[in-house]
Each structure stands twice: as C-alpha cells, then as structure tokens.
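Student: Chain by chain, the residues:
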Amino acid sequence: MNTVNDRSRDIGPFVPMDDDDMLICRCEEITKGEIRRAVHDGMWTLTEIRRYLRTGMGLCQGQTCSRLVKGIVARELGVSPAELEPATSRVPMRPIEMRVFANEMTEDKEADAV
Amino acid sequence: MKKTAEVVIIGGGIIGCATAYYLAKLGREVIVLEGSDHIGNGGSSRNGGGVRQSGRDVRELPLVMYGIKNLWPTLSEELEVDCEYHQDGNLRLGKTEKHREILTRLADNARGVGLDVRMIDGDEVRRINPYLSDEVICASWCPTDGHANPLTTTLGYYKMARRMGVTFITGEKVVSLGIIKGHVRKVVTENNVYEGENVLVAAGLDSREILTSVGIDIPMTNSLLECLVTEAQPHMFDQMLGTAEADFYGHQTKHGSFVFGGSSGLERYNKDNGMVSNSSKTAPCICRGIMKYFPDLADAKIVRTWAGWMDASSDGVPSIGAVDELPGLYVACAFNGHGFGIAPAVGHQLAQLITTGSTEISLHELRYDRYKAKI
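Sequence order for the protein chains is U and E.
Heads up: the first sequence runs through residues 465 to 578, numbered per our numbering.
Heads up: the second sequence runs through residues 269 to 643, numbered per our numbering.
FYI, nobody ran anything at the bench for these hints, they're computed from the structure.
Hints are not guaranteed to be accurate.
[What the hints assert, rightly or not] For lysine to any residue, the following SDA-like pairs were computed, each having C-alpha atoms within a straight-line distance of at most 25 Å:
id : chain 1 : residue 1 : chain 2 : residue 2
1  : U       : K534      : E       : I629
2  : E       : K454      : U       : K534
3  : E       : K293      : E       : R431
4  : U       : K496      : U       : C524
5  : E       : K441      : U       : V543
6  : E       : K569      : U       : R518
7  : E       : K337      : E       : K549
8  : E       : K270      : U       : L541
9  : U       : K534      : E       : W574
10 : E       : K549      : U       : P559
[Unchecked claim] Here are some, though not all, of the chain U residues that point toward chain E, as calculated from beta-carbon distances under 8 Å:
id : residue
11 : T467
12 : D470
13 : S472
14 : I475
15 : D483
16 : R515
17 : E540
18 : S544
19 : P556
20 : R563
Quantities reported herein were computed from a predicted structural model and do not represent experimental measurements.
Think of the CB as a built atom: it goes at the ideal place given N, C-alpha and C, for glycine as much as any other residue.
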C-alpha cells in the first residue's frame with residue numbers, strides 16, 4: 465500500500481517532555497525522547513524509525529515495544545496509530561544458533577558434517 | 269505540495285539522498301520522489317555495509333577511492349549521525365590455488381590504478397584476524413577498506429538534505445518521463461506530474477522501465493541477495509571480509525552483531541512473486557559458508573534475515589552520468605550490489621555534474637551507452 469507522503473508537511477516543533485528519558489525499546493535501550501526526535505528528523509514510518517534507531521531490532525525483535533513505538537510516532541505525527549504500518553517481521557521466529565540453522569537439509573551429507 | 273524544482277531526483281535510496289544533499293549544499297532546489305513508502309527501502313537498507321575498493325572493477329575504482337579519501341572520514345560529523353564508519357581493512361579470503369589466482373589478478377589490476385592492496389599468506393591472515401580457520405591459505409589485504417552502517421548513513425543523508433530544504437515525497441511511483449522542446453523535464457507519477465530543469469534517475473532496477481519511456485535502455489536485470497544478522501557478540505574483529513568464492517561477506521558491527529551477506533547460487537532463478545523475500549535455502553547456506561571460515565561463530569544465534577534486489581548490469585559496473593542525446597537527463601543505476609560504499613562519491617560528483625557540467629573524477633568509463641553486442 466503506497467500513499468503519497470510529503471515529508472515537508474509541518475508537524476510543528478519538537479517540544480521536550482518530562483518522560484523523554486523513559487526506555488521504550490528495552491533490548492536496544494532507546495528512549496521516548498529519541499523516538500520523538502527521530503520523527504522530527506524525518507523518520508515518519510515505523511520502518512524508518514527502526515532502521516534509524518534500532519528499535520525492535522534486538523533479541524525480542526520488537527515483540528515488546530513495537531506497539532509503544534507506534535503510539536509515540538503516531539502522536540508526534542498527529543495521525544491515528546492505525547495509519548502506521550508495522551515494520552516487516554523477519555525470519556527466524558526465535559533466535560537460532562548458526563549450527564542449527566545451517567542444517568536445513570538433514571539428509572544431505574554436507575549438512576551432517578557441519 | 270511542491271511540484272517544480274531545479275532538479276527532480278527519482279529514487280530515495282542512498283544515491284538519490286546523497287545527490288540531493290550535495291546539490292542542496294551547492295544551493296540547488298531539489299525534489300526527491302520515492303516509489304515505496306520508505307526512504308532507503310531498496311539496496312540502501314539491505315546491503316552488507318562494505319566500504320570497499322579492493323575487488324572492484326578498475327572502471328569504478330577512481331570514484332570509490334575519491335570517496336574513501338575525501339568523504340567517508342568526516343561523514344558522521346557532517347550528517348550528524350553515527351555512520352559507524354570503520355577503516356580497518358578488507359580481507360578477501362581464499363581457500364584454494366584457484367582462489368589465489370583470482371585474488372592475485374584482482375590485486376594486480378587495482379595496484380595498476382594506485383590502490384594499496386597486496387596478497388598475503390594464511391599465517392599473515394591469521395595474524396590480522398586470529399579467528400579464521402586453517403582452511404584459509406591466502407587473502408588480498410587492502411588496509412584502507414572498511415565498513416559502515418548503511419541504515420544510518422542513508423537516513424543521515426535524507427535527514428540533512430531535508431533539513432536543508434530538499435522536498436522528499438514517498439509513495440510516489442514514477443511511471444514515465446516527458447520531453448519538452450528536446451529537454452527531459454516532466455516526471456509523471458501514478459498521482460501527479462512534476463517538472464524539473466534536470467532529472468536524475470536513480471531508482472535501482474526500476475530505472476530501466478522509467479528510462480525506456482524516453483527511449484533509453486540500459487541492459488540490467490534483478491538478482492536476489494540475502495543477508496543475516498546475529499545477536500550481539502563480544503568484540504572479535506574490525507575488518508571487512510569477503511571471499512574469492514563469493515560465498516559470504518560481512519563484518520562485526522558497532523552493536524556487536526555480525527552482518528553477513530551471501531548467496532545460494534540459485535538467485536537468478538528464484539521465483540519472482542513480486543516481493544523481496546528470503547528463500548529457505550540461502551540463509552542456511554550462508555551459515556555453512558561462515559562456519560567453515562569462522563568455527564567459533566557456530567553457536568552465535570541468528571536473529572534476523574532479509575533479502576534485497578541487486579540491479580545487475582551485463583558488465584558488473586554501474587551507469588553514471590549525463591545522457592547526451594537527452595539534455596537534462598542523468599542516470600545513476602545498476603550498482604550491482606556494491607553501490608553503498610561508492611554512494612557518497614557518486615552523489616558528490618553528480619551534484620557537481622548537474623551544477624557545473626563537469627566532474628572532478630571522470631565518469632567516461634561508466635557511460636550509459638557503453639554496452640555493445642558481442643560481434
């Protein structure tokens with residue numbers, strides 16, 4: 465779903481808040497203030513926020529913080545959270561050791577040797 | 269919404285964002301149109317982060333060498349973002365005599381144009397990187413190569429260009445170009461029509477179709493490339509790594525995770541369902557490749573994998589520069605999976621070209637019309 469989005473639209477100035485030091489993404493230790501500031505730097509999609517700040521890129525892959533991040537970004541942009549598409553979930557579902565992941569062909573001799 | 273500018277750039281990847289930034293620094297008025305919903309959504313966010321000179325075709329070496337000398341060292345300060353640039357050398361590893369031949373030839377060619385790159389034996393390789401297995405018998409070593417973070421670098425260019433007044437519009441897919449009195453000026457999207465005195469097409473693989481609308485055809489196709497990232501590990505090494513066999517490449521990031529890219533060999537024949545998606549075969553294949561070189565990483569956990577399209581040209585190097593027969597039109601595409609490290613230099617030189625009509629580094633070898641039939 466592509467929507468024309470003019471990144472020069474005025475979203476108002478960045479106004480510091482009392483709880484800007486609150487940790488939102490615990491895995492990567494990203495605060496509410498950092499997320500809000502990134503929006504004012506032009507990161508207007510959850511994918512851009514994630515790539516810019518690493519929110520949701522840690523061990524839990526965003527399973528804890530993605531809804532919180534979405535709410536913060538939506539409020540900063542003045543849009544409904546429903547308008548923001550979540551960042552893409554990636555394989556694997558849970559972290560897997562390389563030696564296990566490497567074994568996708570168990571009947572293969574080469575894989576057995578690994 | 270702004271619809272006219274001195275320069276309209278098609279493609280909000282690192283090439284488009286960097287060119288927009290350097291044009292803004294030169295005082296130009298710029299609009300960047302990105303087809304997807306996100307800035308830097310193609311190869312710019314999906315590559316392995318190499319900032320490499322060694323292993324490149326000599327035709328693109330002068331550009332990348334210019335960027336590594338003049339632009340990369342100060343990029344983090346300039347963009348006010350941590351590009352995580354490391355200049356700790358590149359090891360291109362070999363395991364067989366055939367690999368040694370390939371690497372020696374590449375190194376000889378690169379030295380011919382003034383790059384400091386030399387062949388070293390297995391023991392010297394392990395002195396530089398003690399984690400490498402005994403299977404490695406040689407490597408080419410280029411001490412001025414390195415790596416950086418493609419995500420923060422691309423978005424850093426975007427942030428600064430936007431701050432300097434460049435208009436960025438995402439979700440604006442270009443369908444064709446239009447010629448007015450012999451000049452390419454019109455850019456038609458699915459929703460709007462934009463106009464610029466100059467138009468740069470830097471839309472990766474989509475560039476081919478866009479250019480076709482004004483009769484320019486650059487022979488290129490898509491090839492899937494896949495990457496994976498581990499959980500954070502204790503610090504091990506700072507070099508960028510590649511292999512003669514091209515079975516994997518990668519580095520350890522500032523965060524501690526390892527980012528590795530690679531291929532299964534089946535990329536050109538993957539099912540194209542219109543999505544950039546991982547194949548079930550590739551990431552395990554990359555893991556097997558890595559473990560042969562780095563047995564210590566066998567217990568590192570993979571947390572994420574992703575895929576991206578490479579825009580591959582028939583001769584492996586990009587097309588960059590002005591289109592002579594169509595004044596006002598410029599191209600920068602077909603970076604063949606190694607566009608990240610060269611991007612600052614490309615953006616810098618294109619901004620010069622569009623503003624002054626000439627460049628510090630010759631782009632002649634990378635002309636869009638160099639492709640000839642075999643007989």
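Student: Each hint needs a verdict: does it hold in this structure or not?
Tutor: For each hint, the structure was consulted:
In summary, the hint linking U/K534 to E/I629 is not supported, as the alpha carbons are separated by about 44 Å, beyond the 25 Å threshold. The hinted pair formed by E/K454 and U/K534 fails the criterion: a straight-line CA distance of about 37 Å is larger than 25 Å. For the suggested pair E/K293 and E/R431, the alpha carbons sit about 11 Å apart, so the restraint of at most 25 Å is met. Note on U/K496 and U/C524: the hinted pairing holds, with a Cα-Cα distance of about 18 Å set against a maximum of 25 Å.
Between E/K441 and U/V543 the CA atoms are separated by roughly 23 Å; this keeps the pair inside 25 Å, and the hint holds. For the proposed pair E/K569 and U/R518, the alpha carbon gap of about 18 Å is at most 25 Å, so the pair holds. Between E/K337 and E/K549, the direct Cα distance comes to roughly 39 Å. Violation of the 25 Å bound is thereby established for this hinted pair. Between E/K270 and U/L541, the direct Cα distance comes to roughly 20 Å. Compliance with the 25 Å bound is thereby established for this hinted pair.
Restraint check for U/K534 and E/W574: the C-alpha separation of about 22 Å stays at or below 25 Å, so the hint holds. Using a Cα cut-off of 25 Å, the hinted pair E/K549 and U/P559 holds, with the two alpha carbons roughly 17 Å apart. Residue-level restraint check for U/T467 holds (minimum Cβ-Cβ distance to chain E is 5 Å; threshold 8 Å). Look at U/D470: its Cβ gets to within about 5 Å of chain E, closer than 8 Å, so that hint holds up.
About 5 Å separates the beta-carbon of U/S472 from the nearest beta-carbon of chain E, less than 8 Å, and the hint is met. Hint on U/I475 is violated. Least Cβ distance to chain E is approximately 12 Å, over the 8 Å limit. A least Cβ separation of about 24 Å between U/D483 and chain E goes past the 8 Å threshold, and the interface hint is therefore violated. For U/R515, the interface hint holds, since its Cβ comes within 8 Å of a Cβ in chain E; the closest pair sits about 4 Å apart.
Look at U/E540: its Cβ only gets to about 15 Å from chain E, farther than 8 Å, so that hint breaks. Proximity of U/S544 to chain E is violated relative to the hint, the smallest CB-CB distance being about 16 Å (cut-off 8 Å). Checking U/P556 against chain E by beta carbon gives a least distance of about 6 Å; that is within 8 Å, so the hint holds. Interface hint status for U/R563: upheld, as the beta-carbon distance to the closest one in chain E is roughly 4 Å, under 8 Å.
This entry does not satisfy hints 1, 2, 7, 14, 15, 17, 18, going by the numbered hints stated previously.
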